[in-house]
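*Asks:* For chain G, the structure is supplied; the task is to place chain U on it using the hints.
Residues per chain, in single letters:
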Amino acid sequence: MAEPKFAAYLCKGCGIGERIDAARTAKIAEKEGKIALVRQHEFLCSAEGVALIGSDIEQQGVTHVAIAACSRRSKTEAFQFPNVALARANLREGVIWVRPDTEEARETTQEMADDYVRMACAELKKMKLPAGSPERGCSKRILVVGGGISGLTAAVEARKTGYEVVLVEKQAQLGGWAAKLWKRVPEREPHAAPVDTGIQALIDAVTEDAGVKVYTNATLAQTSGAPGRFNATIAVESGSTAIEEIGAIVQATGFSLYDMNRLPELGAGKSPNVVDQAGLESLAREAAAKGLPIRRPSDGGEVNSVVFVQCAGQRDDTGRHLPYCSGYCCNTSIKQAMYFKDANPAVDTVVIYTDLRVPGNGEDFYRSAQKKGVTFTKGRVTGVEPSGDACKVSFRDLILDEDAAIEAADLVVLATGQVANAGVDIDNPDATDANGAKPISILNLNYRQGKDLPKLSHGFADSHFICFPYETRRTGIYAAGPVRRPMDIAQAKEDATGAVLKAIQAAENAELGRAAHPRSGDLSFPMVRLDGCTQCKRCTVECPFGAIDEDEKTYPVFNESRCRRCGTCMGACPVRVISFENYSVDTVGAQIKAVDIPDEFSEKPRILVLACENDAYPALDMAGMQRNHYSAFVRVIPVRCLGSVNSIWITDALNGGYDGVMLMGCKHGDDYQCHFVTGSALAKERMSRIDETLKTMALETERVATYEVAITDIGRLPKLIEDYARLIEKIGMSPMKGFA
Amino acid sequence: MTEVVATSQTIVVVGGGISGMTAALEAAECGRQVLLIEKTPTLGGRTALLYRYFPKLCHPTCGLEINLRRIKASRNLRVLTLAEVTKITGTRGDYSVTLKRSPRYVNENCTACGACGEAVEAAIDNPYNYGLSKMKAAYLPHAMAYPQRYVLDPSIVGTPEGAKAKAACKYGAIDLDMKQETLEIKAGAVIWATGWQPYDAAKIQPYGYDRYPNVITSVEFERLADPHGPTGGKIARPSDGKEAKNIAFIQCAGSRDENHLRHCSRICCMASLKQTQYLREAYGEAAKSTVYYIDIRAIDRFEDFYKKVLGDPGVRFVKSKPARIAEELQTRDPVVHGVDTEGYHRYATRHDLVVLAVGMEPSVKGADVPHEIVADSSGFIESAASGGFFAAGCASNALDVNRSVQSATAGALRAIQVVRKSDRVEA
Numbered sequence: 002m003a004e005p006k007f008a009a010y011l012c013k014g015c016g017i018g019e020r021i022d023a024a025r026t027a028k029i030a031e032k033e034g035k036i037a038l039v040r041q042h043e044f045l046c047s048a049e050g051v052a053l054i055g056s057d058i059e060q061q062g063v064t065h066v067a068i069a070a071c072s073r074r075s076k077t078e079a080f081q082f083p084n085v086a087l088a089r090a091n092l093r094e095g096v097i098w099v100r101p102d103t104e105e106a107r108e109t110t111q112e113m114a115d116d117y118v119r120m121a122c123a124e125l126k127k128m129k130l131p132a133g134s135p136e137r138g139c140s141k142r143i144l145v146v147g148g149g150i151s152g153l154t155a156a157v158e159a160r161k162t163g164y165e166v167v168l169v170e171k172q173a174q175l176g177g178w179a180a181k182l183w184k185r186v187p188e189r190e191p192h193a194a195p196v197d198t199g200i201q202a203l204i205d206a207v208t209e210d211a212g213v214k215v216y217t218n219a220t221l222a223q224t225s226g227a228p229g230r231f232n233a234t235i236a237v238e239s240g241s242t243a244i245e246e247i248g249a250i251v252q253a254t255g256f257s258l259y260d261m262n263r264l265p266e267l268g269a270g271k272s273p274n275v276v277d278q279a280g281l282e283s284l285a286r287e288a289a290a291k292g293l294p295i296r297r298p299s300d301g302g303e304v305n306s307v308v309f310v311q312c313a314g315q316r317d318d319t320g321r322h323l324p325y326c327s328g329y330c331c332n333t334s335i336k337q338a339m340y341f342k343d344a345n346p347a348v349d350t351v352v353i354y355t356d357l358r359v360p361g362n363g364e365d366f367y368r369s370a371q372k373k374g375v376t377f378t379k380g381r382v383t384g385v386e387p388s389g390d391a392c393k394v395s396f397r398d399l400i401l402d403e404d405a406a407i408e409a410a411d412l413v414v415l416a417t418g419q420v421a422n423a424g425v426d427i428d429n430p431d432a433t434d435a436n437g438a439k440p441i442s443i444l445n446l447n448y449r450q451g452k453d454l455p456k457l458s459h460g461f462a463d464s465h466f467i468c469f470p471y472e473t474r475r476t477g478i479y480a481a482g483p484v485r486r487p488m489d490i491a492q493a494k495e496d497a498t499g500a501v502l503k504a505i506q507a508a509e510n511a512e513l514g515r516a517a518h519p520r521s522g523d524l525s526f527p528m529v530r531l532d533g534c535t536q537c538k539r540c541t542v543e544c545p546f547g548a549i550d551e552d553e554k555t556y557p558v559f560n561e562s563r564c565r566r567c568g569t570c571m572g573a574c575p576v577r578v579i580s581f582e583n584y585s586v587d588t589v590g591a592q593i594k595a596v597d598i599p600d601e602f603s604e605k606p607r608i609l610v611l612a613c614e615n616d617a618y619p620a621l622d623m624a625g626m627q628r629n630h631y632s633a634f635v636r637v638i639p640v641r642c643l644g645s646v647n648s649i650w651i652t653d654a655l656n657g658g659y660d661g662v663m664l665m666g667c668k669h670g671d672d673y674q675c676h677f678v679t680g681s682a683l684a685k686e687r688m689s690r691i692d693e694t695l696k697t698m699a700l701e702t703e704r705v706a707t708y709e710v711a712i713t714d715i716g717r718l719p720k721l722i723e724d725y726a727r728l729i730e731k732i733g734m735s736p737m738k739g740f741a
Numbered sequence: 039m040t041e042v043v044a045t046s047q048t049i050v051v052v053g054g055g056i057s058g059m060t061a062a063l064e065a066a067e068c069g070r071q072v073l074l075i076e077k078t079p080t081l082g083g084r085t086a087l088l089y090r091y092f093p094k095l096c097h098p099t100c101g102l103e104i105n106l107r108r109i110k111a112s113r114n115l116r117v118l119t120l121a122e123v124t125k126i127t128g129t130r131g132d133y134s135v136t137l138k139r140s141p142r143y144v145n146e147n148c149t150a151c152g153a154c155g156e157a158v159e160a161a162i163d164n165p166y167n168y169g170l171s172k173m174k175a176a177y178l179p180h181a182m183a184y185p186q187r188y189v190l191d192p193s194i195v196g197t198p199e200g201a202k203a204k205a206a207c208k209y210g211a212i213d214l215d216m217k218q219e220t221l222e223i224k225a226g227a228v229i230w231a232t233g234w235q236p237y238d239a240a241k242i243q244p245y246g247y248d249r250y251p252n253v254i255t256s257v258e259f260e261r262l263a264d265p266h267g268p269t270g271g272k273i274a275r276p277s278d279g280k281e282a283k284n285i286a287f288i289q290c291a292g293s294r295d296e297n298h299l300r301h302c303s304r305i306c307c308m309a310s311l312k313q314t315q316y317l318r319e320a321y322g323e324a325a326k327s328t329v330y331y332i333d334i335r336a337i338d339r340f341e342d343f344y345k346k347v348l349g350d351p352g353v354r355f356v357k358s359k360p361a362r363i364a365e366e367l368q369t370r371d372p373v374v375h376g377v378d379t380e381g382y383h384r385y386a387t388r389h390d391l392v393v394l395a396v397g398m399e400p401s402v403k404g405a406d407v408p409h410e411i412v413a414d415s416s417g418f419i420e421s422a423a424s425g426g427f428f429a430a431g432c433a434s435n436a437l438d439v440n441r442s443v444q445s446a447t448a449g450a451l452r453a454i455q456v457v458r459k460s461d462r463v464e465a
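Just so you know, the sequences run in chain order G and U. Final position of the first sequence in my numbering is 741; the numbers increase by one with none missing. Final position of the second sequence in my numbering is 465; the numbers increase by one with none missing.
What the hints contain is simulated information worked out from the structure, not anything from laboratory work. Just so it is clear, the structure is predicted and the values come from calculations on it, not from any experiment. Misleading hints may appear alongside valid ones.
Claimed, not checked - Some chain U residues close to chain G (C-beta under 7 Å, calculated; not the full set):
#: 1; residue: 173
#: 2; residue: 302
#: 3; residue: 333
#: 4; residue: 440
#: 5; residue: 450
Glycine residues also receive a C-beta, built at the ideal position from the N, C-alpha and C atoms.
Okay, chain G solo, but in the shape it has when bound (with noise of 0.2 Å):
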């Protein structure tokens, strides 16, 4: 590689000239930044600004950049060079909009611009340019885990793409609960009737495609590897293993239905008539196979009412069956009245719900059922019981309010939910599920940090993120259907289809390098020093993505195909021997160290702010858009998560004078804000023990504070700022100044 050459450029547009003394400003890049070539410029971003950097980069060499303008946000693609290093001093949003414009802000808000730009400077000079991960397996191929509906779908739209599919399935059949449903709720207009399923066509089109190799009677005995190079052990019947190379893995491993033996009050397992929503697909398939109507289980009779009983073990309070409404049951049941109505309309069938979920156009579904006759009770129903050849159902009417009962039905067929297949629990490995089974793994992951995906609540493998539901926590593994939300089969298949493209994805970035969401395409990527390393196994155990492993001496090994380049192991680092190379302990600490500190008499304290970059930072720009003043007393450090704050940058920070340290993090808790999972939680338990160093400093434990900070916080934030100023002028000057 070239020799590096600096370069600064200082921006005097949107103000920024007439608020601050550029010269001076300049000057600094050049002898305390020790930049060689400093430019001044009145329109920077303007067309000839830009030309003018690039030509430097072309003619004079130029390699790395600082820019002391407008906020990184701002300007972002104008001031984009290939291969070059480039740090942003934020003198605008960060400086002159959030200072007011009078005589005596003037010398605080020059201190101010004149610090960021010997942040900049001192940034640029740790900074290398990212060349892409090392590892770069090659392989395209997509491990589809699951035969049914979802895995076969993406199986279909990964071979439509050209990709290679290896497909496992558990069951010696390919095609899942749909194989096993005599029709499905229509998926387009007319919402009249049920339909055929079609998964026929998606096994044929899986079966006869020379590009899908498919195991049947087979699971996951093992998977070891990263994105790009996944290792799948495939365990067969015979007791013989495969090994496939694979790029990219969809878990479309579904659900088990919520087993009806465990509601004997609702009359499963005290009747042959009282049957699952399962159990009554297959009466149809049966008595369609025959030609005939569906007959009661019992004895063969005629069927004249059949009740069908919704939320059954749903939605349940007691703690006894599932929580949650599984979202598709309310359609299936009127699909299922449908099968008797459309044959026979004499046939009596009531739907005995409390809420009716049918979104969308299943409202049309249900209208067409009204239409045919359908009767919908709301109603809670008690208790089901048999007599003689039928049941009688006991249930509470809601809107008479009064206890009711159908004493005679020839069927009950109960809508029970969806339990994931997602594998064990990797927090409680010995959890059983909700049907009270203890759960196998199913990937068999070799990975430090357990066997399977980790769920998100119910048992379900779903992502946190509402805006972004194909977000995993194991890079290039991704769910689809029902094992991540209880879903119907057109959803599922929708689901499928859009895991696929993720899939390709995550198998062409590994290729690249890449970080996959949410820092798409960086190719920074974590670097170890081994022969620093004290094994003390805190970066695998604390990365949220489990992209880390332990060799047999408990040291580290990075899987980078699998990290997200949070740099939470950067953080949980006690030596300090991670870094990225564009992000590292050192181009922080650098920048820290880089800020002037005036002596303890100045009456000028100085404020660290270590600000998540994702919200808290996107949060104090547009302050600084809406004119929101605050003290200049702070300096701000944008940080990848907060979970990748390493405590010596604190230290470093308190020992070199500040006066006060403000780190800025998304809400942690169950309802989690954080884009890297467990960052921000990290950092507030590690913060909590920096209060023992204080001690030992000498120091108040006020002088380090974590706030949970959201991206709209854009007035509260100028205010948190203010009041731990105000807090800081209380305590007093740290005393540590002038001893660094």
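*Replies:* Below, chain U without anything else, positioned relative to chain G:
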């Protein structure tokens, strides 16, 4: 003149809301060339105007920030704002898309310094607050607007106000001579992600949205709760600015109704449940919410949120589709009339404010899509005979954000399947 490079390998995504941004980004991050077309001056769409999401009560702008950062970093994605698609001809792998580009009157020199906004005095209704407030006629749509560039409202162009804006700009960014242009571009596949609009509440005559100031819609309520909305986050009623502590939330306002929208709009139950918690956040014990509903549709783990709200003593549920809303003359308090179907009691209940949980209809209804498509009777797009035209998000169905993003991701894959084929043909 706008220059756009697009070929039969380009994926054109129409609509810059969360679905369109997602479809565009997912395709671009798979290495495909994408052109994202947005009608308004900024990306972000309707979710950028929500205060919080259900069920986490997190802020939509948080995800928007990430998506915008992805867009800024992507070399494969180009964004065209103020552009509308007027015609699409051709077939899978070989489309010709005609665009109408409206003038912004501000060019790329703009630094968003705000000088024009300060200079201009003329004000217009703020569409980002559903007209509940005014904004300057030279404006940045909102704090998260992208591109981060001002816009001049056409009403001031050719007036002294326009001249003031131009004079205030030091960077030559104001161009009052910009004209509407027509562009024709090529595309291999088109993803239609034009999203939804709230059903026109004035059409629900008995609810008096057009007559009573204290009857508002759920999307307007989002702006009232937002600290960056017209009231600075104070939940105040429009007639007199009084704090609204006793609020009626009326479900299925337009939805599930053969006279209005046949379909269920899916999101409104959860949106109202969420909004009861805004009231709780604002007024604590004094908050009183009444939810008038037919069925509460809190599907899957949303049920947890419903249970939480059920446990809130400040929230009451009445199973009823209200018959009508009247107004008390003196106080302008809305009074909700109807029958509680659980037990058949008549009620006439006074509230400070009524929030209509308005239904979702496609922004561009099927018949108005400039291409031959199959739409359902609500105007949601089902398919297109040309084979390379796909709907994503709420253009395809009444969906929540999470499901819209899933749909958009799936749409991106379908589009890639098309351009990949034309790739091969031309290689």
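*Asks:* For each hint, tell me whether it holds in the structure or not.
*Replies:* Verification of the hints:
1. Interface hint at residue 173(U): violated, since its Cβ lies 13 Å from the closest Cβ of chain G, which is beyond the 7 Å cut-off.
2. The beta carbon of residue 302(U) comes within 5 Å of a beta carbon in chain G, closer than 7 Å, and the hint placing it at the interface holds.
3. For residue 333(U), the suggested interface contact is upheld, since its CB lies about 4 Å from the closest CB of chain G, less than 7 Å.
4. The closest approach between the C-beta of residue 440(U) and any C-beta of chain G is roughly 5 Å, which is under the 7 Å cut-off, so the hint is satisfied.
5. Checking residue 450(U) against chain G: minimum C-beta separation of about 6 Å stays under 7 Å; hint holds.
Hint check: a violation occurs at hint 1 only; the rest are consistent with the structure.
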